[in-house]
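Asker: Letter by letter, the chains look like this.
2 protein chains.
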Amino acid sequence: MSEVRISLEAARDLATRVLVRHRTAEHNARSVALALVAAEADGQKGHGLSRLPAYAAQAASGKVDGFAVPTVMARALAALRIDAAAGFAFPALDLARTELPALAARSGIAAAGILHSHHFGQAGYHVERLAELGLIGLVFGNSPKAIAPWGGSQGLFGTNPIAFAAPRRGAPPLVIDLSLSKVARGKVMVAADRGEPIPEGWALDAHGQPTTDPKAALEGTMVPMGDAKGAALVMMVEILAAALTGANFGFEASSFFSADGQPPGVGQFVIALDPAVFSGGAFDDRLKRLIEAMLAQPGVRLPGGRRLTARARAEAEGIAIPEALNDALLGLG
Amino acid sequence: MSEVRISLEAARDLATRVLVRHRTAEHNARSVALALVAAEADGQKGHGLSRLPAYAAQAASGKVDGFAVPTVMARALAALRIDAAAGFAFPALDLARTELPALAARSGIAAAGILHSHHFGQAGYHVERLAELGLIGLVFGNSPKAIAPWGGSQGLFGTNPIAFAAPRRGAPPLVIDLSLSKVARGKVMVAADRGEPIPEGWALDAHGQPTTDPKAALEGTMVPMGDAKGAALVMMVEILAAALTGANFGFEASSFFSADGQPPGVGQFVIALDPAVFSGGAFDDRLKRLIEAMLAQPGVRLPGGRRLTARARAEAEGIAIPEALNDALLGLG
Numbered sequence: 001m002s003e004v005r006i007s008l009e010a011a012r013d014l015a016t017r018v019l020v021r022h023r024t025a026e027h028n029a030r031s032v033a034l035a036l037v038a039a040e041a042d043g044q045k046g047h048g049l050s051r052l053p054a055y056a057a058q059a060a061s062g063k064v065d066g067f068a069v070p071t072v073m074a075r076a077l078a079a080l081r082i083d084a085a086a087g088f089a090f091p092a093l094d095l096a097r098t099e100l101p102a103l104a105a106r107s108g109i110a111a112a113g114i115l116h117s118h119h120f121g122q123a124g125y126h127v128e129r130l131a132e133l134g135l136i137g138l139v140f141g142n143s144p145k146a147i148a149p150w151g152g153s154q155g156l157f158g159t160n161p162i163a164f165a166a167p168r169r170g171a172p173p174l175v176i177d178l179s180l181s182k183v184a185r186g187k188v189m190v191a192a193d194r195g196e197p198i199p200e201g202w203a204l205d206a207h208g209q210p211t212t213d214p215k216a217a218l219e220g221t222m223v224p225m226g227d228a229k230g231a232a233l234v235m236m237v238e239i240l241a242a243a244l245t246g247a248n249f250g251f252e253a254s255s256f257f258s259a260d261g262q263p264p265g266v267g268q269f270v271i272a273l274d275p276a277v278f279s280g281g282a283f284d285d286r287l288k289r290l291i292e293a294m295l296a297q298p299g300v301r302l303p304g305g306r307r308l309t310a311r312a313r314a315e316a317e318g319i320a321i322p323e324a325l326n327d328a329l330l331g332l333g
Numbered sequence: 001m002s003e004v005r006i007s008l009e010a011a012r013d014l015a016t017r018v019l020v021r022h023r024t025a026e027h028n029a030r031s032v033a034l035a036l037v038a039a040e041a042d043g044q045k046g047h048g049l050s051r052l053p054a055y056a057a058q059a060a061s062g063k064v065d066g067f068a069v070p071t072v073m074a075r076a077l078a079a080l081r082i083d084a085a086a087g088f089a090f091p092a093l094d095l096a097r098t099e100l101p102a103l104a105a106r107s108g109i110a111a112a113g114i115l116h117s118h119h120f121g122q123a124g125y126h127v128e129r130l131a132e133l134g135l136i137g138l139v140f141g142n143s144p145k146a147i148a149p150w151g152g153s154q155g156l157f158g159t160n161p162i163a164f165a166a167p168r169r170g171a172p173p174l175v176i177d178l179s180l181s182k183v184a185r186g187k188v189m190v191a192a193d194r195g196e197p198i199p200e201g202w203a204l205d206a207h208g209q210p211t212t213d214p215k216a217a218l219e220g221t222m223v224p225m226g227d228a229k230g231a232a233l234v235m236m237v238e239i240l241a242a243a244l245t246g247a248n249f250g251f252e253a254s255s256f257f258s259a260d261g262q263p264p265g266v267g268q269f270v271i272a273l274d275p276a277v278f279s280g281g282a283f284d285d286r287l288k289r290l291i292e293a294m295l296a297q298p299g300v301r302l303p304g305g306r307r308l309t310a311r312a313r314a315e316a317e318g319i320a321i322p323e324a325l326n327d328a329l330l331g332l333g
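Sequence lines, in order, name chains A and B. Heads up: the first sequence runs through residues 1 to 333, numbered per my numbering. Heads up: the second sequence runs through residues 1 to 333, numbered per my numbering.
Hints listed in this document are in silico derivations from the structure and should not be mistaken for laboratory results. None of the values given here were measured: they were computed from a predicted structure. Be a bit skeptical, because a hint or two may be false.
Identical copies look the same in the list; a pair holds intra-copy or inter-copy alike.
[As the list claims (entries may be wrong)] When the alpha-carbon atoms are kept at most 30 Å apart in a straight line, the in silico DSS-like pairs for lysine-lysine are as follows:
hint: 1; residue 1: Lys288; residue 2: Lys215
hint: 2; residue 1: Lys288; residue 2: Lys63
hint: 3; residue 1: Lys145; residue 2: Lys288
Given the sequences, and given the hints that come with them, work out the whole structure.
Answerer: Right, here's the structure in full:
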């Protein structure tokens, strides 16, 4: 598959242009473009520019309101309830990231729940921005149904990512970012395209039985990482991101890909902590000590290391995208 | 193995008496007794009365200060830093649970970090108390080293439990409580005692290689639930419970069992959220909807169900403990 290499700036401009031409306000388009290109640069292509044609189609059909203005519906001293207003998720998460640092500085901890939201991409992106400001960030998001409750056979929960970021003195933030399915559904799709079996333990068929047939898996559900324990975490994330925010559950949410139907209306929950308050100023030294102890063992790498390597290369050399995607985006933009 | 059945009240009194006779203040002893007997009643015997002889020995040797008075070292509007003062963990967690509800009611979210702490038992116990007050609770704790960083061979992290509880209208709180090792280390000990192999995937030997030999496993490390993804969560909990609070890391902490050496000095981090603020009052109905959708599938049970069944039976019939443990406790008390 032939690829085209373009600079990050050109990719952001192209992505912005594509959305603006599909019924999206310039500042919203820019917010989405920044996040998608950041994911692309980090090697997280599943949350990168490959999403853009579907995003543009959803803005064009009105399933996503490209002109939505996210608003703070309610607030307490350290809490925000944010309405993403059926727009893209990124402007609503930008609002949370803009408001939370002042609240966390005053209160020690603060949180924002977001409803009427959409795909929030690379979960770590949002908390990494908080960590760049010296805060610890945690985010939980739900997504359209893909995982069954443990013991069941029908998808109810999304793959429900958790991301965590912590500031490091003299180094980029530590970012932990994981979806709670054992493997990404995309891997099953690739196996189905190739006609290859998948390993047992990845997925269940529509009857809740383990399967190695990727087609049966696509009609069934994904197995959570950590099996029964992971299923409990999936439920916890569904409660924080959706029951707590008032957003749609995974089983109520429409697709993040199709341009048809109602908005998915999923939710996100973001927590920001000021480590200075809780640690008495010791946090930076303590985290450094932990990381040194980890890296003293041969074979150990920090979470997020590959992401930073990919990012450095993308900043120097730009990103490589499939020629077909590039052509499609040029056509759309 | 012959067992003795005693009432919960008699068990609490006995446990209190054992600790008071081993250099522990009455109110601290009572706090520990309540938690250990609650774990015993819930069928969580690994965090129940079996711990009491080791607790008493640690209080007697001074490794745990039974007369410690936990204090709030620092506070912000929604944040507490609590010094467990090398005492038992439970009085410090009681202090957090006493202070957090008012902060969460005012701020929407509040948190307490605890350092100089000890084994905090059944993690769900602490957040269940918050949920009984209408709050969502989250707690993270670290523990002495048992899990290696992913790719490594030496234990650095504890099994690092996460617990979550949410209030339910007309039903006991939903409690999710999991340690992050794939299986409890106690299961490996049982296999070693019986001379039976353990399944591959539970543990690594001292060289970081998978092993089915329980003795090699006990000299090695436990595998995290969810493998590499779980290892990232283990690190996240270590950062929240220890780096953030200023507590000892798992690899710095002494045993929770031996009466020798320095205090373990581990940490806990507790978050309390007011669902009313974030959900605009919709939380109870939304959680009910989610639980109904889960239970509509054959074969699905809620997390914590077995615990509630065991508790109801213990309340009616008392708890059954091994005769040898009962004799030991009577001797100590």
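Asker: For every hint, state whether the structure bears it out.
Answerer: Here is how each hint holds up against the structure:
{"no.": "1", "hint": "Lys288 x Lys215", "verdict": "neither (46 Å within a copy, 33 Å between copies)"}
{"no.": "2", "hint": "Lys288 x Lys63", "verdict": "between (46 Å within a copy, 28 Å between copies)"}
{"no.": "3", "hint": "Lys145 x Lys288", "verdict": "between (39 Å within a copy, 18 Å between copies)"}
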